[in-house]
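Visitor: As they're listed, the protein sequences go chains E and R. Read in our numbering, the first sequence has 404 at position 160, and its numbers run on one by one without any break. Read in our numbering, the second sequence has 319 at position 318, and its numbers run on one by one without any break.
What the hints contain is simulated information worked out from the structure, not anything from laboratory work. Just so you know, not all the hints are guaranteed correct.
From the derived model, a few chain E residues whose C-beta atoms are all more than 12 angstroms from chain R [to be verified]: (1) Gly263; (2) Trp267; (3) Lys283; (4) Glu291; (5) Gly308; (6) Tyr388; (7) Gln395; (8) Glu400; (9) Asn482; (10) Trp486; (11) Gly494; (12) Glu527; (13) Asn583; (14) Tyr599; (15) His666; (16) Arg674.
Computed beta-carbon distance windows for the label pairs [unchecked claim]: (17) Phe178(R) / Ala639(E): 18 to 24 angstroms; (18) Asp389(E) / Tyr231(R): 39 to 45 angstroms; (19) Lys451(E) / Gly221(R): 42 to 48 angstroms; (20) Glu299(R) / Pro331(E): 27 to 33 angstroms; (21) Pro249(E) / Phe178(R): 52 to 58 angstroms.
Virtual Cβ for every residue (Gly too), placed ideally from N, Cα, C.
These are the residues of each chain, in order.
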Amino acid sequence: MSTLPRLKPEDKCFPNLCGTADWGIKGYEQRGGYKGLKKLLQTPQTEHIEKLKQSGLRGRGGAGFPTGMKWSFMPQPKLDERGKPIPLAKPSYLVCNADEGEPGTCKDRDILRFDPHTLVEGMIVGCYTLNAKVGYIYVRGEYYDESSHLQQAINEAYKAGYLGKNILGTGVDCDIHVHLGAGAYICGEETALLESLEGKKGQPRLKPPFPAGFGLYGCPTTINNVETIAQVPPILKNPLEWFTRWGRPGNSGTKIFSISGSVHKPCNIEAPMSIPLRELIDEYCGGVIGGWENLQAIIPGGSSTPMLNAETASRVLMDFDALKAEGTGLGTAAVVVMNKQVDVLRVMTRIAAFYHHESCGQCTPCREGVGWVHRLMERLTHGEGTLAEIDQLYALTKKIEGRTICAFADGAMWPTQGTLKHFRHLIEERIKTKQPAA
Amino acid sequence: MPTRPATPKTKAAPTAKAGAPAQVVTSNVPPAAPSPASQAAPAPLPPAPEGFLNVFVNGNLIHVKRGSTVMQACTQAGAEVPFFCYHERLSIAGNCRMCLVEVEGMPKPIASCHWPIAEGMKVKTDSPLTTEARKGTMEMLLINHPLDCPICDQGGECTLQDLSVAYGSDRSAYHEFKRAVDDKDIGSKIKTVMTRCIHCTRCIRFATEIAGVEEMGATGRGENMQVGTYVEHALQSELSGNMIDLCPVGALTSRPYAFTARPWELVRTTSIDILDAVGTPITVDNRHGQVMRTQPQENAAINEEWMTDAARFSYDALHTNRLTTPLIRRGGELQPCGWPEAFTSAKTALAQPVGGILGAMASAEDALSFKMFFENTLTSKMYDCRPAGSQLEGFYTFNTPLIEFENVDAVLLVGCNPRLEAPLLNVRLRRAVIRRRVPVAAIGPDMDLTYPHQNLGNAPDALESLAKSKFAEVLKSAQKPAIILSASVLTRPDGPAILATLEKLAKKFGVQKVLQNGEGWNGLNILAATAGRITALDMQAKATPTAAILKSYQTGKTETLIVYGEDTILPEDIEPDTKTRNTKHQTLIYIGTHLTPLAQMADLVLPAAAWTEKSGLYANCEGRVQLAHAAVPAPLNAKEDWKIFRALSEELGTPLPFNTLAQLRSLVANQHPAYQAENWNRITRRTQTPTPNAQNPTPITSKPFQPVITDYYLRLEYLRQSPTMHKCQSEVATAKLGTTATPPTPLLPGKTKSSRKAA
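If we strip away everything but chain R, and leave its shape as in the complex, we get:
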């Protein structure tokens, strides 16, 4: 298992230290020694290369890019500069005063994080003045800090703790009363201990600049300044958990993680967030086989360094309501049994005509073994990996890489709410709107995207009037326009017609074109619900549409139905009339991780491994395949998914042609070139245009688009198993109601019709 012990996060590293050693330019220019007036003036410096400036850092001459800050120059030179408030993805606040450095000729030490470099500047990061300035700042930071590291969750990965070792004193000279600050209740995601706050305002800047919710701020003045929401309420952001990572001290910590583990006890495994289609690289931290928390990794091309709240806080679903042993229905009740008994029972049921539906969270290995089980063992074509009604065919990914959204200059959203479907995509869209004033228009229901956008209409027929609208001109004149269509639109009967129209428009308005530099540009994108949906489609795990399979099961043509982790199926989809069910002798086999309402209806339940418990490949919306490592073993008798299908196939007498994960993975690689090891972590193009669908002549209707997601925190069955997610959703409901009373949290994960549609 490729794991490594938990170490303090590299991105929260306390000091700006260059990975590479200083690029010291060997030069016979005298170093920055102050020369008395009597001596001859030093020879003028040879000019730096074009676009660069000569800067001395601790006497070493380096060439620094024009427009850099002093801190960047120091980093380039490999000189240590400590800081708290500075963050490269946030605006510069310059308020912690930890990064002060001495610059020759300046009367005071300067804050290196914002000070621009100048030709011939002589920076001293280890001079007595610099060190004394840092020590002074550290003393000020610590006088009102509670120093309660032993009971602080940040302990062990705290910037203040780390830097105080370097610049702090071993005793305090402060004999006055220490300040205490009331803790703020800002929801069930973030725990606050505001006495620890050092007022770096990173959280405020993140909320305002990145998340786009101006809910955090500072009230009060001087030492009475407090960071909070003014009127206490739960933060209404899908990205608020990132404030925990940003907080350099223990003021904002994860509430679900509170007091559960210490960072040095954790074993860290790299993995992928599969709860939306962005494919955020994350780490899964476990202690003694239990997942304790998840954190983002840094990847400029995918997630920058952010992570959605759903992915960060839903890990308690991994040990809530889990299936740990096969269950079999005896006398009308589900009872635990052993795997042999379960397989025997399955063998009988699978001898009948079988249908199978694959869910939203499957890895490539799962999807392929599911598909091969049907194709090779059952020789049945009755399987699908799409939600009921979905008409996704060959085109189901982005043509625009996520990082290209930094250059996109016009965006049209069709039936899509990126804030809830892919919050990290929304971060990029927001930045495009706020920083570059990119026009964004939406066809679909009204929504709060955290940035201004134009609504062109609620129904798909707005596409027809789009051609005459002003926004058509915007798209035409744009260099790199993009259209994002939610995959959920294709569950509408007129979905393919909408897609076909969009493609026509895309060609007409230059969304698909050849750029001036000769490169092709295709801005037509489909945003799938999860990475698993894309992965399963890559594995071609579809033969008969889900709706047809369900109908066949309802009418009795299909005797046995395997539901494998699918969560968009309602119990009433399976059996329209409960009274007739037992007389039909039909069998419902559920393979999955949780005892969901559907599993409770099943006749046979086979426990599978959750996403942290299996090694799998997942493709994200841009077609980038990434490997998620297994962090912990599956609980008790639960088995990795591919092993279940392999064992079932053996039971049925036609074993699948793989015995190990490695063998399966080579089959996966054969299925799609993107899954070959050399293509991992890079964008591999999928089909770039929709397949013409002549069989479906349903024309575009004026039926309005429904909101894709109404309950962000409960949009997947996996999330509905998490108590934290239920709390978060109830906070959203509270905020919408405008009351301050907390509504009762449902003890049992419930389902609503709308939440199913979302997935």
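Chain E on its own, in the form it takes in the complex:
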């Protein structure tokens, strides 16, 4: 097995992810932060977007949508006869999605508390690129301390002249506001986030229209994950190869992996994309408790992604396309490792309970169905139920998946489908033990 070299600090987008150095502006500037910001703010926006497209940066929030393409959907001012830009009819907004609620995921949290200036700088560059004068950062309500760090970083940036009117004399204006959520997972869905930001009930909007055309307050809006936005300045500052040398084509760059569960050293680590899963666990996390042979299953990308069994886990690469080919997804790259001592069914029932609790209740299949799935899982896990109900459960997930306004129901059904795919025999066993007649 080939072992990829560990990233050096200068290769990383988040050199202080482990929190050993100063997270304030001094420490950030020592690490090279805000250097070259002025130049970025004087480069034409279209060049930025073009470079982002070439870099192959894909959204780090779970869906993996190419960021450069997403940003190119935003309106750019047209030029008049004399080559001067005509102001846009409506203001544009950049919204940062820091409502990190996916079970298993904790990467944004470490960015916010140990390297908040990476996000602030990303917001400044992002707002400039998207012609937004105002950026919003929607932080998960539970991240109170983290939002304090972020707010402090913003205050420092204002003081240093990186934010506000006429940043560094470039004529660029940018203000950033931090908004704390109130504890709903669904507010991490981009349109629900916008609703919540507008002061309404956090429920996803119908798409189309997409936020790039009709977003916050009806204006063009781009919503990106913390990690995505924070990775933009290093990508734009460095040569293209600095980012594209990592990972397979279409999955380039580095990525923060949050590894938890049955490993010796659970951690958040920035590593190259397309790193083999086994290498990630063995090299960075001290391996599976009880050895690789003791591995039962792995959730590769947060609770919404279907799990992998041990056999697949030992050969799969950690990137968007490789995991998609295995019927699952990279998601937020939150790897949850379960060894053979873990009751997988109990874990999956708990995950079903999470989605049951977090469904917003707007549209029918999710509102009514997610609770049903949870209850069925609960019963089947305890061996109560019939064998026919296993098939019924699978059919049920298929009636919910893909029938709703947002992707929540899909994410809620995939883990259950993954369980039925890999651990159907466990459920059957339990039913037969509990009810010998069955």
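Use these hints to put chain R onto chain E, whose structure you have.
Guide: Below, chain R without anything else, positioned relative to chain E:
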């Protein structure tokens, strides 16, 4: 009787089905068959006409207007798409997921209600995926639904019930506990059974978007989501009853109608709401001769499909405190008697000088027979159809058709509260303000119109300062400005002067002008209290002002006074000094439907038919004449109004020249061209400008305008007879007091001075 059996409301029809068959474009273009990559690419489609797109619905090529939704395309093609949450007059929520259809090339079925069509889109409404998606949604909707159709008032006209026949299963696979939800007390108009709710949010959207009261909402998340008012209280809207029609299930049903009838037992008659001046077309549902409920009909030009709460819930007045037999005063007490005795008694009284006052709810036939009775039989000019003090003359209607309020771009309200006087007009004004940001200004007391507006002053002298104000500029620059004056303003002594000033201003500010397209525009409007007031004025049932008639009766010049359904007269207007009354030998004859306080004072009471019991023509504020059919017979010995006058005239020896309703109706048509059958249901212009009134020189005073209506639910005598309306009014009082305790409901309909003024 032109009745038809009750059928499920067409507007609540469960499926979007085009009336016309699919406009299938015959074309040799291959249908939407997925072709393998090996085959040659299909020939490009010939372009659709300008502004249209090519869309395949189930393989048939149709041309659909650009910007349409997939559901509209399916409707155009005649393909069935079921839905719950979608409603064409509300915003699109897309949350019921019943309208999912398969579109070729899309990974998932899409919600057709909001998805825009695209060129060459291939929609499949009967594919296995579509059907399976609908069945899945229906299963989800039903797992927590109580399925208590046998005891549900919606049963028989329930969208969920209808669609479950098509897409539901005959047994449930759900073996967990069903959810139960606490019922919410949202007032005496709407009964809630929230366990039945399918969370389509139509009621929330209606309250927020149409009624303009943000009182309904959803609390909780996921399957704990509940629709309600958060803190339970009675909905403070004059339109809340429409939520009952909108609710696709039995979660919101009519409280007064609860458990009284089943839809299939009802006989439906078309009629008109005559309780305000909008003239909402409605249906009156009766069972065995008793009115069980009233519901709106759809008419885009008048009411869209809404109806006011006063009209919807006041039908219990039809069987409360009714006059069912003539009453005669014997020994100081009113006692029942037969019609012959009543007529004999009337004959004696009518031999003396007679005055007559007509009320607010008369049909054209009533008004004309009343007028002819005075003109032909009594040869008296002492009659009027206006409330005391009213100086309405030739100009008493709208010059702006209601539907034109969709284009009006500046509105001035003078002494007028459209929210309470004509709630459905207010719906249009609200839409103009919210959607098109039309500036609205009011001269009059402060009021909550459910939309932002500017108050230019409380007294009529604000009209003088209006010329210099910014709003004058707004009116000037507007393309289609409108001024709405409440008819109640003309009961003020300076009313005609206000109207004359308004007309001057209207000319000056371009409210009356010729538009660029050559059409005339007249935005000066008078909002009458009820349709009956307009109808009676159309019939010219006025000769001497009411105030003069009352004075003449008080001074003894007029010996006999006929009060015909008039409800703005206070008992003290009739007799200022009760002690002197008996010595004067005066007679008060009351013709009407209810034993009102005035009827209790009368010497002779003749029972007439209520509005559901007679066929009549009514004009609305824009001058549109509509026919209300008789739904039920008048109770016991009560008679249709025109028959009473016809019989009285015969008794007095000069019979009126009609023997049948048809003969009377032809006389009505002669009286005013709008009442000719070919002009029904269309706007016929009345006098468009006020008549100059030189006799009344009272100048504009600075006396502030009084609120036109203080108690919306009790503003007419008819409404005051309805127990439901009293409950509704007490809920308004509770809300105003800000307490949660329910004040005691008055058992007997009472009167207040303010409520009389309103009418």
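Visitor: Please verify that the nearest CB of chain R lies beyond 12 angstroms from glutamate 400(E)'s CB.
Guide: Glutamate 400(E) is indeed farther than 12 angstroms from all Cβ atoms of chain R, at 37 angstroms.
Visitor: Can we confirm that no CB of chain R comes within 12 angstroms of the CB of tyrosine 388(E)?
Guide: Check passes; 21 angstroms lies beyond 12 angstroms.
Visitor: Is it the case that glutamate 527(E) keeps its Cβ farther than 12 angstroms from each residue Cβ in chain R?
Guide: holds (37 angstroms)
Visitor: Does the claim that tryptophan 267(E) lies outside the interface with chain R hold up, using a Cβ gap greater than 12 angstroms?
Guide: Fine: 34 angstroms to the nearest Cβ keeps tryptophan 267(E) off the interface.
Visitor: Taking the CB of lysine 451(E) and the CB of glycine 221(R), does the distance hold inside 42 to 48 angstroms?
Guide: violated (24 angstroms)
Visitor: Taking 18 to 24 angstroms as the hint, is the beta-carbon distance of phenylalanine 178(R) and alanine 639(E) inside that range?
Guide: The hinted range 18 to 24 angstroms holds for phenylalanine 178(R) and alanine 639(E), with Cβ atoms some 21 angstroms apart.
Visitor: Verify this label for me: glycine 263(E) is non-interface relative to chain R, using a Cβ-Cβ cutoff of 12 angstroms.
Guide: For glycine 263(E), whose nearest Cβ neighbour in chain R is about 34 angstroms away, the distance exceeds 12 angstroms, so it holds.
Visitor: Take a quick look at lysine 283(E) and tell me if its Cβ sits farther than 12 angstroms from every Cβ on chain R, holds or violated.
Guide: Non-interface label on lysine 283(E) holds, nearest chain R Cβ at 42 angstroms vs cutoff 12 angstroms.
Visitor: Just checking, glycine 494(E) versus chain R, shortest CB gap more than 12 angstroms?
Guide: holds (20 angstroms)
Visitor: Do the Cβ positions of glutamate 299(R) and proline 331(E) conform to the proposed distance bound of 27 to 33 angstroms?
Guide: Taking Cβ atoms as reference, glutamate 299(R) and proline 331(E) lie about 45 angstroms apart, which means the hint is violated.
Visitor: Beyond 12 angstroms from every chain R Cβ: check whether that's true for histidine 666(E).
Guide: The assertion about histidine 666(E) holds, with a minimum of 24 angstroms to chain R.
Visitor: If I take the minimum Cβ distance from glutamate 291(E) to any residue of chain R, is it greater than 12 angstroms?
Guide: The claim stands: glutamate 291(E) keeps its Cβ more than 12 angstroms from every Cβ of chain R (closest is about 32 angstroms).
Violated hints for the displayed structure, listed by number in ascending order: 14, 18, 19, 20.
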